[in-house]
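Below, each chain spelled out in residue letters.
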Amino acid sequence: MEMHPRVLDHAVSDLDGLIADEAELTAGVRIRPGRSYGFFTDTTVCIGCKACEVACKEWNNLPADGIGLTGHSYDNTTALSADSWRHVKFIETGVRDDMAQPFQSGWLMMSDVCKHCHNAPCLEACPTGALFRTEFDTVVVQQDICNGCGYCVPACPFGVVDISLLDGKAHKCTLCYDRLKGGLEPACAKACPTDSIQFGELGELQERARRREAELHRRGVTNAYLYGAPGEAGATGGLEHLNAFFLLTAQPETYNLPRAPTRPADRVAPSLAAGIATVLGLAVAALSLFTRRA
Amino acid sequence: MTEQSAWDGRTYYDEPQLRPAPFNNALVGSYIFLAGLSGAAQLLATVVDSAHGPAAPPTVRRGRYLALAAPVLGTLCLILDLHTPRRFYNMLRLIKATSPMSLGSWGLVGFSVTSAVTASLQFAADRLRFSWLRSLARLTQIPAALTGAFMGTYTASLLSATSTPLWAAAPKSLAVRFASSAAASAAVALGLGERNDRRRRDLDSIAVAALAVELAATLASEHAECQAGIGDPSHSQTARPIAIPLVLLLTSLVLPGRLGRTLSAVGSLALLGGGLAMRIRVLHRGDQSARQPYRSLRFAQLDNLPRT
Chain A
1 MEMHPRVLDH
11 AVSDLDGLIA
21 DEAELTAGVR
31 IRPGRSYGFF
41 TDTTVCIGCK
51 ACEVACKEWN
61 NLPADGIGLT
71 GHSYDNTTAL
81 SADSWRHVKF
91 IETGVRDDMA
101 QPFQSGWLMM
111 SDVCKHCHNA
121 PCLEACPTGA
131 LFRTEFDTVV
141 VQQDICNGCG
151 YCVPACPFGV
161 VDISLLDGKA
171 HKCTLCYDRL
181 KGGLEPACAK
191 ACPTDSIQFG
201 ELGELQERAR
211 RREAELHRRG
221 VTNAYLYGAP
231 GEAGATGGLE
241 HLNAFFLLTA
251 QPETYNLPRA
261 PTRPADRVAP
271 SLAAGIATVL
281 GLAVAALSLF
291 TRRA
Chain B
1001 MTEQSAWDGR
1011 TYYDEPQLRP
1021 APFNNALVGS
1031 YIFLAGLSGA
1041 AQLLATVVDS
1051 AHGPAAPPTV
1061 RRGRYLALAA
1071 PVLGTLCLIL
1081 DLHTPRRFYN
1091 MLRLIKATSP
1101 MSLGSWGLVG
1111 FSVTSAVTAS
1121 LQFAADRLRF
1131 SWLRSLARLT
1141 QIPAALTGAF
1151 MGTYTASLLS
1161 ATSTPLWAAA
1171 PKSLAVRFAS
1181 SAAASAAVAL
1191 GLGERNDRRR
1201 RDLDSIAVAA
1211 LAVELAATLA
1221 SEHAECQAGI
1231 GDPSHSQTAR
1241 PIAIPLVLLL
1251 TSLVLPGRLG
1261 RTLSAVGSLA
1271 LLGGGLAMRI
1281 RVLHRGDQSA
1291 RQPYRSLRFA
1301 QLDNLPRT
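One line per chain: the protein sequences are A and B, in this order.
Residue numbering for the first sequence follows our numbering, beginning at 1 and increasing consecutively.
Residue numbering for the second sequence follows our numbering, beginning at 1001 and increasing consecutively.
FYI, nobody ran anything at the bench for these hints, they're computed from the structure.
Even glycine gets a Cβ: it sits at the ideal position worked out from N, Cα and C.
The reader is advised that the hints may include incorrect statements.
[As the list claims (entries may be wrong)] If you want a taste of the chain B side facing chain A, the calculated C-beta under 10 angstroms gives, among others:
hint	residue
1	PRO1022
2	ALA1026
3	LEU1133
4	ALA1175
[Unchecked claim] Quick list of simulated restraints, FRET-style, between CB atoms:
hint	chain 1	residue 1	chain 2	residue 2	range
5	A	VAL284	B	GLY1231	25 to 35 angstroms
6	A	HIS10	B	ALA1097	52 to 62 angstroms
7	B	PRO1054	A	ARG292	35 to 45 angstroms
8	B	VAL1072	A	LYS181	36 to 46 angstroms
9	A	ALA273	B	VAL1072	23 to 33 angstroms
10	A	ASP144	B	GLU1015	51 to 61 angstroms
Given these sequences and hints, build the entire structure.
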């Protein structure tokens, strides 16, 4: 096989071995099983470079999908899918309201990802147990178990999970489960040049996000708010909180996010009760009819 | 804060906010129909059997055989609908109360086993004339009938326990629709083969009652959809497939003799076709609502949160 000469430039690692707990150096957090980890995506510092999308595709070996131009600003990824686990959204809001007004457009950019919900609807729907909660409090599809029933797809309130027609299995962000196991920070967070995507322990991240929200309010960005933190938009209807949460500056709908998603599993009991009561009611009516005529 | 101001109705380039279920609607719709038909047929057979005692009419035998439709054909539809069908047995790795698909898989296994045993006992009793075979069938039909009641309704819970707006908007009335449609389908399916004119009329009366319940629940579903702000302008079309067999069967009940029988058969076939079409239409409309961001985002507004 012919190889590009540059492949041999660094054939031998400069390091003696693996860096233990590398995430401590890159994200300031030591990854330990049994604790909750997540993403805090601060959209106010996102520059729309899509390094997260690329890093994710590279690390997870995801195929390209839907190559083409949409005309929707710089967003040609369109949606999270079986093959795209990070998706940068672009919203052009018109002219920026500051000194640079005549020269610079106003942009909203947001790197979307699986929310790794506390009460994850996909996990609650999965009939095979392929979707499970990891020791890092994240939600992952086990590819060797998924039989492609597709029930997780409509269960997700965020339209994240998708069935790949290439292999017939459900796919979504794993929060780099394999990297967490090796003490590494997830690829997208590590690649993010502005720290818009921050990885860390959930409690610490939520505190950091609150501080950032307060700081932005103090500096006059009064429309900054958290999406998916406990008690906020996106963490409604029994979902409790989202392990991957966001700081936004426009309505959730602007970013194609549901304002008040609900937990689908809460609808099982009332629905079953109503249905079975109907069938049994009709059966009792039939019984009385047949007994009278017997 | 921005989040507290009301949604201005704008979407993200009209891109879908949700993903529609990757089901084959013809296969899944057929399964939902067959599961309802079989489950309710088993339940009705048990009801007729209980009413008549040991001298059970042939209606019971037909009900027990009809109950095999879901275990045989329905299971096939479900396996074919998987994107990795060779792993179908993974459905039985665990049982999960939050997943109607998991509960339904076990329900289908329970219903299939008890229905197969009951049908086999019926088959043997018809040939061997041992009275204990018939008694045993009367015993095994009880769990079969109870799981049958579940088979006709859990499919509605399966759809409602998703984020698809039209399925999630009216969980109770959707379950009542599926349940009553199942009972009506089973009643007319048994009535179609019924030689005893009085029993056929009884079965048709049950179908009429069930259809009336289904019609009311359909109107309730539409009302709930409008309440949630995601109503569909194509209203009257959902009521028509119920109204037509309802009118035909009601007319057949007052008409005597051959004309009544013919009208009953036509009404029964219309009801069975309408029942199958209703399931497929519910699936299709749900998929559409998931693809429409102004509907999914409207459904996920604060006013639609469950009251605590």
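Hint-by-hint comparison with the structure:
no., hint, verdict
1, PRO1022, "holds (4 angstroms)"
2, ALA1026, "violated (15 angstroms)"
3, LEU1133, "violated (22 angstroms)"
4, ALA1175, "holds (3 angstroms)"
5, A:VAL284 - B:GLY1231: 25 to 35 angstroms, "holds (34 angstroms)"
6, A:HIS10 - B:ALA1097: 52 to 62 angstroms, "holds (53 angstroms)"
7, B:PRO1054 - A:ARG292: 35 to 45 angstroms, "violated (19 angstroms)"
8, B:VAL1072 - A:LYS181: 36 to 46 angstroms, "holds (45 angstroms)"
9, A:ALA273 - B:VAL1072: 23 to 33 angstroms, "holds (29 angstroms)"
10, A:ASP144 - B:GLU1015: 51 to 61 angstroms, "violated (32 angstroms)"
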